[in-house]
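Line order of the protein sequences matches chains S and V. Sequential numbering from 3 applies to the first sequence in the numbering used here. Sequential numbering from 1217 applies to the second sequence in the numbering used here.
Everything labelled a hint here was simulated from the structure, so no lab data went into it. It should be emphasised that the depicted structure is a prediction, and the values quoted were computed from it without experimental measurement. Careful, some of the hints might be misleading.
What the hints assert, rightly or not - In silico contact screen, one side only, chain V against chain S (beta carbon under 10 Å); selected entries:
(1) 1225
(2) 1245
(3) 1247
(4) 1254
(5) 1315
Beta carbons are placed, not taken as given, at the ideal position from N, Cα and C, and that holds for glycine.
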Amino acid sequence: NAGVTQTPKFQVLKTGQSMTLQCAQDMNHNSMYWYRQDPGMGLRLIYYSASEGTTDKGEVPNGYNVSRLNKREFSLRLESAAPSQTSVYFCASSDREGAYNEQFFGPGTRLTVL
Amino acid sequence: GESVGLHLPTLSVQEGDNSIINCAYSNSASDYFIWYKQESGKGPQFIIDIRSNMDKRQGQRVTVLLNKTVKHLSLQIAATQPGDSAVYFCAAASGGSYIPTFGRGTSLIVHP
């Protein structure tokens, strides 16, 4: 099992460009999440998908959109990138919807917006 | 909403010592707590969790203690090794939302 995979690993964008971060999990998990991590900060939730076909906003959703393509894949889109979106982005998944359970994280995408 | 904080941003210990990393949370309704370890350049990795009906839970070389009275939890690492060097995050969740809120992290530095 690869667990949670993310592409790309690194990306540099210019202000105003758009891009999609890809995430896939092979653990048959129901729930998937997108977080951002800034220096000296904890993880902040951008969007999540409790189950296939549903998505909800997290703590910091502005400037982002998501798509739960199928049970395996959950993508994060930046329509018009801003320097404030420079961050490390982590995708995570967990097994059960609506229950306490550990999250499995991907290796992250390091995004710089110039 | 929930806020979760750690007392110290950095903790330095000698190899073989025991390490204690502390965390405080604000929401008295929080009833599930998790510790994650994040090594440099990697995503967070689950270490141990505890529910509010417990005061203590032990894993392999790790122990989590929960004090609900003062809304505090700690992670104890026995016989700390250089491989334990990482940033440690605590997170808390409550029944209204099963998604945890993360603290800022403590960087554990283990000196050989």
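Checked hints:
1. 1225: Holds - the Cβ of residue 1225(V) comes within 10 Å of chain S, reaching about 7 Å at its closest.
2. 1245: 13 Å, violated
3. 1247: 8 Å, holds
4. 1254: Result: holds, 8 Å to nearest chain S Cβ.
5. 1315: 6 Å, holds
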